[in-house]
Every structure is written in structure tokens, then in C-alpha cells.
Amino acid sequence: MLAIEDVSVSVGDKQILASVDLGVEDSEIVAVLGPSGSGKSTLLRAIAGLVRVSGGDIRWDGRSVLTIPTHKRGFGLMFQGFALFPHMTVAENVGFGLHMNGVDDVGKRVEAALESVGLSGFGPRRIDSLSGGERQRVALARTMAPDPQLVMLDEPLGALDRNLRQRLVSDTRSLLEQRDVTAIVVTHDRDEAVAMSNRLAVMRQGTIVQTGTLEQLLAAPADDWVRQFLT
Amino acid sequence: MSKIRWGWVAVAAVPTIFIGYFFVYPVIRILGIGLSELSIGASGVEARLLRVGWFTLWQATLSTILTFVAAAPLTWAVSSYEFKGRRLATALVTVPFVLPTVVVGTAFVALGWRESIGAILAAHVFFNVAVVVRTVSTVWSRIDPRLFEAARVLGADSRQVFRTITLPLLRPAMAAAASIVFLFTFTSFGVVLILGGFQYATLEVEIYRQAVTLFDLPLAAALAIVQLVGVSAALYAYSAYQETRSVSWALDSGSNRRPATGRTKLAVGLATVGTLAALAIPLGVLVSRSLAGSPYARMFVDDPVVGRPIAAAGNSLLFAVVAMCLATVVGLMAAAVITGRRGALSRWFDLVLMLPLGTSAVTIGFGFIVALDWPVDLRATLWLVPVAHALVAVPFVVRSTVPTLRSIEPETREAAAVLGASPWRVWREIDLPIVSRAALVGAGFAFVISLGEFGATSFIARPSTATIPTIIYRLLTRPGASSFGMAMAMSVVLAAITAAVVLALDRARVGDIGRF
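Read top to bottom, the protein sequences are chains A and B.
Using this note's numbering, you'd call the opening residue of the first sequence number 1 and step up by one each time.
Using this note's numbering, you'd call the opening residue of the second sequence number 232 and step up by one each time.
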């Protein structure tokens, strides 16, 4: 399980995260929901080790991960905008993490990962020949391929149009559940958050103000802002 | 039915005739002379071509590699980090690049490095570091940083990130920089002529020696053919590569430099200060040695061999102004043709206009002396010098104006036409005001190119039309400390004028010297 304890992050003299507390149980999917600029992406980057944590601790199965460099944490992060490598094919993108981790049967596992997102046979394609929805699925396959112990998705459907999002929401959720992974999904869209997760964590101005299911939050909102934000 | 637009034909005719008569026709004459020489198979010609060609090739290759090695630290620093003095560092590193080759040659002679391969390589690196730093860093600093982060999250350590992400994404920019450096060093003339002594000669230097010193025009022409083939192959390889590899969509519009902190601060500081200090040494030595023995005062005194040196400065400035006007007018007309019509003709035009840039100044000068006796003998004309300079400069004017003209939306011109403007009025009211800044930069480049031009000038300048670079070369080849002192003083004067013009252009902040 993941435990985020009193985590603060500052960039320059600006505080982005202020004593964030959040626990994610094994196999649980938590959606971090908040307006843009509330620090959601920074929280994921702190967990991945891409920004320095200035206070507090992040633990995985009880052990602090703060001293472990990003490339050894074994967490998966799907970036906003996907950050696919433009100079590599679909298969090379998906196989990148496997190569870095010294996996033997890369070819087979890449094909399996592509199949799980419905893109069998897309391996040799160039990234710039893909549609937005296909890119999203390649990014998802790339994140999942090395079997990370924790999967983080940053606005996984952010840039796509509405019809496509509705379909990909359920696809993404069922993929996460099939694999039985522990996951954090960041989004600014309430319906998307509800559809993709077991539990919501509402974030505002660099801190998590309340967690719970949508019903719990609506029944007893922490304050007026949470109620307004959720309705 | 399409009506022939005579105005447009006239605009296209000027650059066509200019390039056709002063460049294409002389090259054809050279080909004629050279090919007959090669087919005769005169004794020893092939061995000689092979020897000179081989030296040209390997010194250019080695120069290119060494330039990359020397440029790597500064390129890394200015691409990855934001720090105080970063802009100044990229401006200063460009100074050697804009200096005339005779000045660079004189500076290394002032260091005491003469007649050695080391001096040639060092001068080439000194001259070209800016090409690598500027070409590569503009791409490197704009790579989406999330690509690096994505690779790290997937398990890549910093060395693997560099090898699998950074390097492949930089490959097109590195190929572009490498081909520019390779072309410059392959066609290097002034530096090799001054620093190589009798021992080392590139094709350019050998063409000059055979044609001007030994009057063996056929052999010079044969050498020129080898030169043309080599340069064309390099240009072709480069353009073929550019078309297959383009990942520009992975580039951010902004810059992604992070502030330097802690240990990186030290590395960035060392890279920046170290590179700039190394580049400053030859220039510093040149300036300080030029101050000994008051050569500046003697520039105004008649000299038995070279006349009054300062008179050459007058020639240089006059030629530079004429060449600038010629190149700007011809270049703008060519740019109008290239951007005015889509299709095969404009692409062909674009390519033909780049040819003088691709060949070499020496070939241009050589072509003038073998070809411009027809239909009337122009070879004794005073104005041949600025014409040659303009020919070298036209591609730069075209390159700096075409992107701006392309950026004008067709609707803007159409709107003007609908409102009743004739094609000529559309150009004057819409295109000209928009392109004027870019044209100014192109004109500035033309001026600077003319001031420092040595390759073509060395063929066609007469004693009465000597320019600063040709005087410097004559002073360098004459024994005696006072000649050398004057050569250094003239070099400092030429460098100062050049630097002043370039700095003024840089302040206009419209052009980018490192781009082509």
C-alpha cells in the first residue's frame, strides 16, 4: 500500500503542496479530483520522484521511497499529453520500460500489452501516424507493460474529445481492474473521477481536503467549497 | 487561359541572369576545361588529385569531430540550464564565426602556430564552435521535458535517458551542424592558405596555387571538379537525411531550461567560462601583439610594396556597400519568385540560388578569370570584386527573407488585391513593409561577407582594387616583423568593423547567425 504522510513540495519560494495526507490500499483505485492548479500533477510527480519533497514522507509497504531515485522506484506514470517518444515506433515505446528493466521476452510482452489495449498489430507504426485515442492507449500500454506496483494516470483522457472519452473511461477502468493494480488517477472532471475509481480525494490549493466515495462526500461535505465543487 | 505576367517574368529574369552569367556559365567553362584535362590523363594528375582530395577529406572530417567535442560542454550548459550570462555566452561564442578567415588565420599566426596541421585544426574548431552550439542548443532546449521524465519513470538512469531519448532527438540538428561544419572546413581556404604553409593544401588552396601562382588552369579546373563533386555529395546526403528524419512535433514552443543549482552550477560555470576563455586566447594575443611597434600609425604611410594600407580600407568599404546593394536587390527579387508561386519552378529556383553557397568562393573567383572574357572581357573591370561578393552573399539574403515572406498569409495579399491593388502594389504595400527588417539583416550579412571575403577576391583583385583581406595576406607572406605587425593591426581593424556590424544586427534581434 501507498502512504503519503504530511508531504510538502516547494518550487522556489512557492509552496505547491502543503502537508498532503493520503493512503491508497492495495488494488484500490483512488481518483484525485481538483480544479486546475490545485497541485494534482505535482503530487504524482512527488510520488514518482520527479520533484523533491521538502517535508513529510512517502512510503510503499511501510518503507520510505524518498531516497530511491525515480528510475528505481518501479512506479508507473502516464503523463498528461502522453509524452510518447516521437523517434520510436509503437512497439519501441511500449518495450522501453521492459528493456530498461532487463526483461528477456520483450517482443512477446509488448504484443500482449498492445493486445490488452486493443491495438494488436500496431507495433511497427510510427507515433505521428496515430490518432489521439490510439496515442492514449499506447501510453497506457507503455505504462502498464513493466507491471508497475503502482500506476499513476495524469489526466489520462484530458486532451481527447468527449465521445472518445466516454468509451476510454470504461476501457481504462476495466484494464486497471483486470490487472488488479493499485492506482491513482488525477482528473479535473467529476464524472470521469467517479467512473474510474473506488474512492475520491478532493484537492484544493495544494492539499487534500476530503476523501471518500461520491455518496459519502455529498452526504457530509467538509465545507461549502467541496459541496459546490461536487455538484 | 493563363496570361503571361510580364512583370513577374522581369522580376524572375534579374536573379536568373545574375546567377546564370556570373555563376552557372563560369562553372560550365570550368567543367569543360577540367574534364578535357582529366580525359587526357596527363601524367601525375590523378595521384595529385587523390593526395589533395584525401587531405581535404580527412582534415574536414577530423575538424568536424573536434568541433563537436569542443562545443559539447557549452552546448549542454546553455541547452539545459538558465543562468546569468547565458545569452551573453551564446552571443560571444558567435564572434569567431563571423570573423573573416584571414583574421582567424592571422590570430593563430600571432599565437606562433604556423605550418602545422594542429594550427589548421585548431583554427577550424575556433571558427565553427558556434555553429554546433547554436544549431544544437536551439533544439535541445526545446525538447519536451516530459519525455525525459517518462523515460526515468520507466526505469532509465540519466545516462540511458541521454542515450535513448536526448541523442536520437538531437540527431537531425547534429547532422545539420555537422554538414555545415564539414562544408566550411572542406572548402576552407584562407585559414589553410595562411596556416598550412607549403606542406598542407586543401582543394581550395591547391586550385588557387595552380591557377594564380603556377598558371596551370587545366589542373586547377580538374581540382575544382573534384571539389564540386565532394560538396554536392555532402549537400545531397544532408538534404536526403533531413527529409527522412523529422521529429519537430516533439518540440515545445518554449524553452525548458531549469535554473542551475548546487553541483550543476559549478559544471555550468566551468563549461561556459572555459569555452569562452579558450576562444578569447587567440583574439587576445592578436590584439595585444598588434599594439607593439605602432603599426596603426604606419597604416597611413605609403608602403613600397602594398601602397598605403588604409587605402585598402576605402576599397573594402566601397565594395561592401556596392555588394550589399546588389545582393539585397537580387536576393529580394529571388525571394519574391521563390515565395510568389508554388510549384516546381520556385523549388528549382530555391535550389539554384543556394548553389553559390554550396560550391566555394575560390571556384567563383576562378570561374570569373576563366569565363568572363565573353561576350566582352570584363576581367579587368573594377566592379568584378563587388559582383563576386554579391554572388556569395545572395544566398544569405534569400535565406533571411524567404521565411518571413512565407509567413505572410495568402489572404492578406488577396484582401489587398480585392481592394484594388495591382500585383506590384500588393508587393509594395504588404510584402515589403513586412520583409524590410529581415531584408535589413540580409543586407547586413552581405556587408559583413563582402568585408571579409578572401577566396574569390584573391583571384580577381588587382593592386589598385586590393581589399583589407588581400592586403593582410600579402603582408603575412612578406618577411619581416614590421609587415607582420601591420598585418595584425589590419586584422584588428577588420575584426572591429565586422564585430560592430554584427552586434548591431544582433541588437535588431531579427536574425539568427547560427541558422541557415
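The hints are simulated quantities; they were obtained by calculation from the structure and are not laboratory data.
Keep in mind that the hints are not guaranteed to be accurate.
Below, in silico cross-link-like pairs of lysine to aspartate or glutamate (EDC-like), each with a Cα-Cα straight-line distance of 20 angstroms or less [stated by the list, open to error]:
id: 1; chain 1: A; residue 1: LYS72; chain 2: B; residue 2: ASP388
id: 2; chain 1: A; residue 1: LYS14; chain 2: A; residue 2: ASP26
id: 3; chain 1: A; residue 1: LYS14; chain 2: A; residue 2: GLU25
id: 4; chain 1: B; residue 1: LYS496; chain 2: B; residue 2: ASP737
id: 5; chain 1: B; residue 1: LYS315; chain 2: B; residue 2: ASP737
id: 6; chain 1: A; residue 1: LYS14; chain 2: B; residue 2: GLU313
Some chain B residues close to chain A (C-beta under 7 angstroms, calculated; not the full set) [claimed, not checked]:
id: 7; residue: ARG377
id: 8; residue: VAL384
id: 9; residue: LEU385
id: 10; residue: GLY386
id: 11; residue: ALA387
id: 12; residue: ASP388
id: 13; residue: ARG394
id: 14; residue: LEU398
id: 15; residue: PRO399
id: 16; residue: PRO403
id: 17; residue: VAL532
id: 18; residue: ASP534
For the chain B half of the interface with chain A, some residues (derived, Cβ under 8 angstroms), not all of them [as the list claims (entries may be wrong)]:
id: 19; residue: ASP375
id: 20; residue: ALA381
id: 21; residue: ARG383
id: 22; residue: GLN391
id: 23; residue: ILE396
id: 24; residue: LEU400
id: 25; residue: LEU507
The beta-carbon is built from N, C-alpha and C at its ideal position, and this holds for glycine as well.
Against the structure, the hints come out as follows:
1. For the given pair, LYS72/A sits about 8 angstroms from ASP388/B by alpha-carbon distance, which is consistent with the 20 angstroms threshold.
2. Restraint check for LYS14/A and ASP26/A: not satisfied, since their Cα atoms lie roughly 33 angstroms apart, outside the 20 angstroms limit.
3. For the hint linking LYS14/A to GLU25/A, the alpha-carbon distance of about 31 angstroms lies beyond 20 angstroms, and the restraint is violated.
4. Among the hinted pairs, LYS496/B with ASP737/B is inconsistent with the structure: their alpha-carbon atoms are about 27 angstroms apart, more than 20 angstroms.
5. For the given pair, LYS315/B sits about 19 angstroms from ASP737/B by alpha-carbon distance, which is consistent with the 20 angstroms threshold.
6. Only pairs whose Cα atoms come within 20 angstroms are accepted, and LYS14/A paired with GLU313/B is accepted, the gap being roughly 19 angstroms.
7. Interface hint status for ARG377/B: upheld, as the beta-carbon distance to the closest one in chain A is roughly 4 angstroms, under 7 angstroms.
8. A hinted interface residue such as VAL384/B counts as satisfied when its beta carbon comes closer than 7 angstroms to some beta carbon of chain A; here the least separation is about 5 angstroms, so the hint holds.
9. Taking 7 angstroms as the C-beta cut-off, the interface hint given for LEU385/B holds, the closest approach to chain A being about 4 angstroms.
10. Hint on GLY386/B holds. Least Cβ distance to chain A is approximately 3 angstroms, under the 7 angstroms limit.
11. Taken as an interface hint, ALA387/B checks out: its beta carbon lies about 5 angstroms from the nearest beta carbon of chain A, inside 7 angstroms.
12. A least Cβ separation of about 5 angstroms between ASP388/B and chain A falls short of the 7 angstroms threshold, and the interface hint therefore holds.
13. Checking ARG394/B against chain A: minimum C-beta separation of about 11 angstroms lies over 7 angstroms; hint violated.
14. Because the beta carbon of LEU398/B sits about 10 angstroms from the nearest beta carbon in chain A, more than 7 angstroms, this interface hint is broken.
15. Among the interface hints, the one on PRO399/B holds; its C-beta lies about 5 angstroms from the nearest C-beta in chain A, closer than the 7 angstroms criterion.
16. Nearest Cβ of chain A to the Cβ of PRO403/B: about 10 angstroms, over the 7 angstroms cut. The hint is violated.
17. Below 7 angstroms, beta-carbon pairs count as interface contacts, and VAL532/B has none with chain A, the closest being about 62 angstroms; its hint is therefore violated.
18. Checking ASP534/B against chain A: minimum C-beta separation of about 60 angstroms lies over 7 angstroms; hint violated.
19. Evaluation of the ASP375/B hint against chain A yields a held restraint, the C-beta minimum of about 7 angstroms falling below 8 angstroms.
20. A least Cβ separation of about 4 angstroms between ALA381/B and chain A falls short of the 8 angstroms threshold, and the interface hint therefore holds.
21. Hint on ARG383/B holds. Least Cβ distance to chain A is approximately 4 angstroms, under the 8 angstroms limit.
22. The closest approach between the C-beta of GLN391/B and any C-beta of chain A is roughly 6 angstroms, which is under the 8 angstroms cut-off, so the hint is satisfied.
23. Nearest Cβ of chain A to the Cβ of ILE396/B: about 6 angstroms, under the 8 angstroms cut. The hint holds.
24. Contact between LEU400/B and chain A, as hinted, is supported at the beta carbon level, the nearest pair being about 6 angstroms apart and thus within 8 angstroms.
25. With its C-beta approaching chain A no nearer than about 28 angstroms, LEU507/B sits outside the 8 angstroms limit, and its interface hint is violated.
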